[in-house]
Amino acid sequence: MNRTLILLRRELLSTFVSPVSWIILVLFLLVMGANMYISIIAVGGDLRQLLSSAYGGLVFWFMFLVIPPLVTMRSLAEEHRQGALEVLMVTGISDASVVIAKWAASSIFYFTLWVCLLPLWGVLSLVGDVEPGLLFTTHVGIFFIGSAFCANGILASALTAHPLAAAGLSFTFNIALFMVHFFSNLFRPGEIELLWIEHVSAIHHMVDELTRGILDLRVPVFWSTLILFSLFLATRVLERRRWA
Amino acid sequence: MIEIEDLSLSYGDRRALDGISFKVPAGAVTGFIGENGAGKTSTFRVLTTWLLPDAETQRVVVDGVDLLRDPQTACTRVGVLPEQLALPGELRVAEFLHFRSGIKNVPSRQAKAEVSRVLEAVNASDMGQRRIDTLSQGYRQRIGLADALLGDPPVLLLDEPTRGLDPRQISQFRTLLDELRGNHTLLLSSHVLGEVEQLCDRICVISKGKIRLEEDRESWTQRLGKAGRWQLELAPSADAKKVTQWLNQQPEVQSVKRDQHHWSIQSDAALGFRIGEKALEEGWVIMELRSEPATLESLFLEWTGTDSGIPAKDGEGS
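Top to bottom, those sequences are chains R and L.
14 is the number of the first residue of the first sequence in our numbering; add one for each residue after it.
459 is the number of the first residue of the second sequence in our numbering; add one for each residue after it.
Bear in mind the hints are in silico, worked out from the structure with no lab data behind them.
Note that the coordinates shown come from a computational prediction; the quantities given were computed from them, not determined experimentally.
One or more hints might be untrue.
[Unchecked claim] Here are some, though not all, of the chain L residues that point toward chain R, as calculated from beta-carbon distances under 8 Å:
#1 506
#2 509
#3 513
#4 542
#5 546
#6 708
[Claimed, not checked] Quick look at which bits of chain L chain R covers, simulated, 3 or more residues with Cβ under 8 Å:
#7 532 to 540
#8 554 to 568
Every residue gets a Cβ at the ideal spot worked out from N, C-alpha and C, and that includes glycine.
Kindly produce the complete structure, drawing on both the sequences and the hints.
Now the structure itself:
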C-alpha cells in the first residue's frame, strides 16, 4: 500500500507539472465555460434547469468521453515504450500497485478538471437559485463514470505501447458504453431489455437520474464494478508481458 | 553471487536463451560479452525478474535467493543500470532518488541519508538539486548508477554502462566501477572489449543464446598470450624452406604462414628471442621481426564468428 501511495504521489507530481495537462485544463475550462454560457441563454436564465442542460448536452458528453483517453494514453504505453515501466517494475512493486496508482492519478486529475468548474456555480449561486444537492449528485456521477472511463484508458494503455493507439482504443471502449443507450429505442417501456440497458447506460444515469438529484446506489455499484473489472484486466495484461 | 543453471527463455517460437549456465562469484566483476541479439539483455531481464524464464530452467540463484521460487525477494538483491535509461526529466535528482528509495522499500527515516550516500558513491553529491533534463549524459549515467545502488543491493547488473559517454566520462565511470569492486557482485555487459579487459576479473561469452566461454582473467590472459602472432621477414639469402621447417619444429608455435620471405607465426611471446638467436647462428638477415599481441577483441571475433571458434561449454551444443 505504501508503495502504491508513493507511486501515486509521483504520478500526480508528473501530471501536474506536465504542460500537456495544463493545455488540457485550459481547453477544458474554455469549452465548458462557453458551454455554460450558451446553456444559460438556452434555459432563459432558469438556473434550476441549467445543470441538466449544461451537463447533459453534446458538448458535455464530448468532453466527458474524449478527455479520459487523453489523460490516460501515456500512463503505461509511453512508459513501456521508453523502458521506464521495466525500471519501475523490477523493484518488486506489484503489477496491481502500478495499475492502481496510474488509474488513481488520472482519475484525480480528471475529477480536478470538473472541480475547477465549481467556482462558476459559486458565482451563479450569488445571482440565482443553484441547488447544492443537484450539484452533489451530478459530481458523484462524474466521479464514478469518469473514473470508469479512466480505468478503461489504463486498460487500453496496458494493451499497446503506442499512446495514440491507446487513446483510440480507450475512446472506443468509452463510446461503446455511451452508445448502449441508443439501443433503448428498440424496446418499449417496461420491457426487461430496456431495464437492462438503463442499468448500464451512462446517459440514463447522468441525464435521467443524477442531474435531477436522484442518487440510486446501483449507479456507484455498477461503475465501481466496471472500474474493478478494467483494472483487473489491466493488471493481467501487465503480468502477461513477463511471459516472453 | 549469481548461479544460473540451464536457463532458457523463448520469445514465442524464437529461443533467446538456450539452456545457459554460468556463475558469477561474489565480489567479482564479470564481463558479459556477446554480439547484438546474443542474449545478454534477455539474461539481465530474467535476473531482474522482468521476464519469467521457460519452465525447463533448472536454477537461477541471486545472492543465495532462488529467483524461480521467490522472485519478489530476489529482485530486491539486484540493482540494475539498464542500457536504455529512462529518467524523468521534470524531477530534480534528489526528488527522483527519494521516490526510487520509497519504491525500493528503503525506510522513510533512512531515505535522506541513503540518497546522500548513493550520490556520494557516484561523485554527484552537488547534483541533488539539479533537474534531470539539464544533466549531461555522463551525469545521467551516474544518476542511473546511483539509482541501482539504492538499498545497497549485493548484485549489480550494468548493461552497456559507458554507452554514449565521451572519453573523459568513460574514464571517470571506470574509476567509479573500480571503487564498487569487492563490495558488490558486478555483471557488466559491454561491447567495448577494451573496457571489459581492463575492468573485469572474469568473462562470460554468449553467442546465439548459448554460453561459449566462461573464464577468469588468468586463463584468458594465457589464451591471449598463445594467440599472439609474430611477423618475420628475412633477407632473400635465407633458405625459406629451412626457416619454415625450423619454425614448425618449435613447441610453442601454433601455426606458420609463409609468403616468399615473410612469415606470419602464431605463437607466444617467448619465440622472438629464439628467432633472434637462431638468426645469429644461421646468418639469417632479419629485415623485420614484430610482435602482434592478441586482444580480447580478436579472440571475441574468433569465438563468436563460427561455432567452431571455441567449443561451447559442456552440454551446450557444438
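Against the structure, the hints:
Satisfaction of the interface hint for residue 506 (chain L) is found here, the shortest Cβ-Cβ separation to chain R being roughly 4 Å, below the 8 Å cut-off. Using the Cβ-Cβ criterion of 8 Å, the hint placing residue 509 (chain L) at the interface with chain R is satisfied: the shortest such distance is roughly 5 Å. A least Cβ separation of about 11 Å between residue 513 (chain L) and chain R goes past the 8 Å threshold, and the interface hint is therefore violated. A hinted interface residue such as residue 542 (chain L) counts as satisfied when its beta carbon comes closer than 8 Å to some beta carbon of chain R; here the least separation is about 4 Å, so the hint holds.
For residue 546 (chain L), the interface hint holds, the least distance from its beta-carbon to any beta-carbon of chain R being 6 Å, beneath 8 Å. Annotation: interface hint on residue 708 (chain L) violated; nearest CB of chain R at approximately 52 Å, more than 8 Å. With 5 residues having a Cβ less than 8 Å from any Cβ of chain R, the region 532 to 540 of chain L passes the three-residue criterion, so the hint holds. Look at the region 554 to 568 of chain L against chain R: 6 of its residues bring a Cβ nearer than 8 Å to a Cβ of that chain, three or more, so the hint holds.
Checked against the numbered hints given earlier, this structure breaks hints 3 and 6; the rest are met.
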